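Enquirer: Sequence:
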Amino acid sequence: MTKRPKIIAMVQLPPPMHGAAKMNQFAIDALAKDFDLHVIEMRFARTLSDVSKFSVRKIALAFWFFLRLIWALPRSKALYICFAPSGFAYYRDCIYVLLAKIFHVPAILHLHGRGLPNMRRSKWSGWFQKAVLKGQTVILLGESLRYEIDGLNCQSVFIHNCLSDDAFRQKPTEPWMPHNPIRLLWLSNLFYAKGVETLLKACSILRTKGIAFDLTIAGATGDISETDLVELLETFQIREQTTCLGPVSDNKKQAAFEYADIFIFPSHYANEAQPLVVLEAMAANVPVITSDIATLPEVVRGGETGRLCKPKDPGQLANAIITAINSPETTLMRDAAYQMCQEDFSNERFANRLSRLVSSIVEQS
Numbered sequence: 331m332t333k334r335p336k337i338i339a340m341v342q343l344p345p346p347m348h349g350a351a352k353m354n355q356f357a358i359d360a361l362a363k364d365f366d367l368h369v370i371e372m373r374f375a376r377t378l379s380d381v382s383k384f385s386v387r388k389i390a391l392a393f394w395f396f397l398r399l400i401w402a403l404p405r406s407k408a409l410y411i412c413f414a415p416s417g418f419a420y421y422r423d424c425i426y427v428l429l430a431k432i433f434h435v436p437a438i439l440h441l442h443g444r445g446l447p448n449m450r451r452s453k454w455s456g457w458f459q460k461a462v463l464k465g466q467t468v469i470l471l472g473e474s475l476r477y478e479i480d481g482l483n484c485q486s487v488f489i490h491n492c493l494s495d496d497a498f499r500q501k502p503t504e505p506w507m508p509h510n511p512i513r514l515l516w517l518s519n520l521f522y523a524k525g526v527e528t529l530l531k532a533c534s535i536l537r538t539k540g541i542a543f544d545l546t547i548a549g550a551t552g553d554i555s556e557t558d559l560v561e562l563l564e565t566f567q568i569r570e571q572t573t574c575l576g577p578v579s580d581n582k583k584q585a586a587f588e589y590a591d592i593f594i595f596p597s598h599y600a601n602e603a604q605p606l607v608v609l610e611a612m613a614a615n616v617p618v619i620t621s622d623i624a625t626l627p628e629v630v631r632g633g634e635t636g637r638l639c640k641p642k643d644p645g646q647l648a649n650a651i652i653t654a655i656n657s658p659e660t661t662l663m664r665d666a667a668y669q670m671c672q673e674d675f676s677n678e679r680f681a682n683r684l685s686r687l688v689s690s691i692v693e694q695s
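What the sequence shown shows, in my numbering, is residues 331 to 695, in sequence order.
Hint data in this document are derived by calculation from the structure and do not stem from the laboratory.
Remember, it's a predicted structure, so these values are computed and weren't measured experimentally.
Check the hints yourself; a few may be wrong.
[Stated by the list, open to error] Derived DSBU-like pairs (lysine-lysine); straight-line CA-CA distance at most 35 Å:
#1 352 to 431
#2 460 to 363
#3 352 to 336
#4 352 to 363
#5 352 to 388
#6 352 to 407
[What the hints assert, rightly or not] Per label pair, the in silico range of CB-to-CB distance:
#7 661 to 393: 54 to 60 Å
#8 679 to 631: 14 to 20 Å
#9 464 to 570: 55 to 61 Å
#10 570 to 447: 43 to 49 Å
#11 640 to 579: 32 to 38 Å
#12 500 to 655: 22 to 28 Å
#13 567 to 359: 42 to 48 Å
#14 455 to 661: 48 to 54 Å
Glycine included, every Cβ here is placed at the ideal spot set by N, Cα and C.
Use the sequences and the hints to build the structure in full.
Expert: Structure (structure tokens):
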């Protein structure tokens, strides 16, 4: 039997559950089939609210992973890393990539967020980033993120996120028909930047216009607590029309999609790249309204696979909801989105592209 090449994967895995962690699990499952995979699990946060917080514990863990990487690199053909594009984690991951360079091990940097341009604004930081990424391979989630590596002497490849096979519901044969009241769904971890407040303001506008709605909010707490959420609902006078589910399992998530008429995701998160929850809604046959940021316009093509709004614009979002309710084209968008997900965002497609990329880099090393 031919000995499989050994590669290192430095990734965050669930829990806590978020889009990048879920995609890291898909990547690990794909790479383990073709390589002798050594996983260094970078579990820095215990909860979602800890993800972006600095702590001495995280410093100690970063050093421990540094030592583990030193031990593993001499026997490895490549380093696959879920690379943080901003904050303290960016500098931590830069050190790991530089360490791989010292051992002449090529690195594959998978970007699940945005932020690299902000980390190279000064002359020194620009020089440092170029030194780290020079000659390396960067995985981007879409064409609209190419600016992340402008001016950097690195290779790039586009690999979309993916969905598990069980995320796809059976394709409906009936036209989309909204309920009355219209059933709206917001599903994500509860952070202000994910746009939940924009949605609540839009729902308040719907209420003043006499449009009946039933809003469901699902997701684990982030920088919005359960108490904060209740206060927001009372502020916008829509508490009676809103059901809050809290964190949801995969089964409960699918039940929420099946109940919903429209999925709303008005994110203005600075690091947003290609949110999985939007793809999951499409695969569940739920029409989508979301923000025109990051790669979302590549996925939610306005008027074709969904509707787009400017971030932080509740008036435009309310109008988009009203348009969707009254438009027969919503059925066509729903069906086109489902077909696109099957063709472009399958787990098999993702696994094959990632495995081929890593194989080509290993062969060249």
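Enquirer: Run every hint past the structure and note whether it holds.
Expert: Okay, the hints, checked on the actual structure:
1. 352 to 431: holds, 28 Å
2. 460 to 363: holds, 33 Å
3. 352 to 336: holds, 23 Å
4. 352 to 363: With Cα atoms ~18 Å apart, residue 352 and residue 363 stay inside 35 Å; holds.
5. 352 to 388: holds, 21 Å
6. 352 to 407: Judged against 35 Å, a Cα distance of about 25 Å means the pair holds.
7. 661 to 393: 54 to 60 Å: holds, 55 Å
8. 679 to 631: 14 to 20 Å: holds, 19 Å
9. 464 to 570: 55 to 61 Å: holds, 58 Å
10. 570 to 447: 43 to 49 Å: holds, 44 Å
11. 640 to 579: 32 to 38 Å: With a Cβ separation near 33 Å, residue 640 and residue 579 satisfy 32 to 38 Å, so the hint holds.
12. 500 to 655: 22 to 28 Å: holds, 24 Å
13. 567 to 359: 42 to 48 Å: holds, 46 Å
14. 455 to 661: 48 to 54 Å: holds, 49 Å
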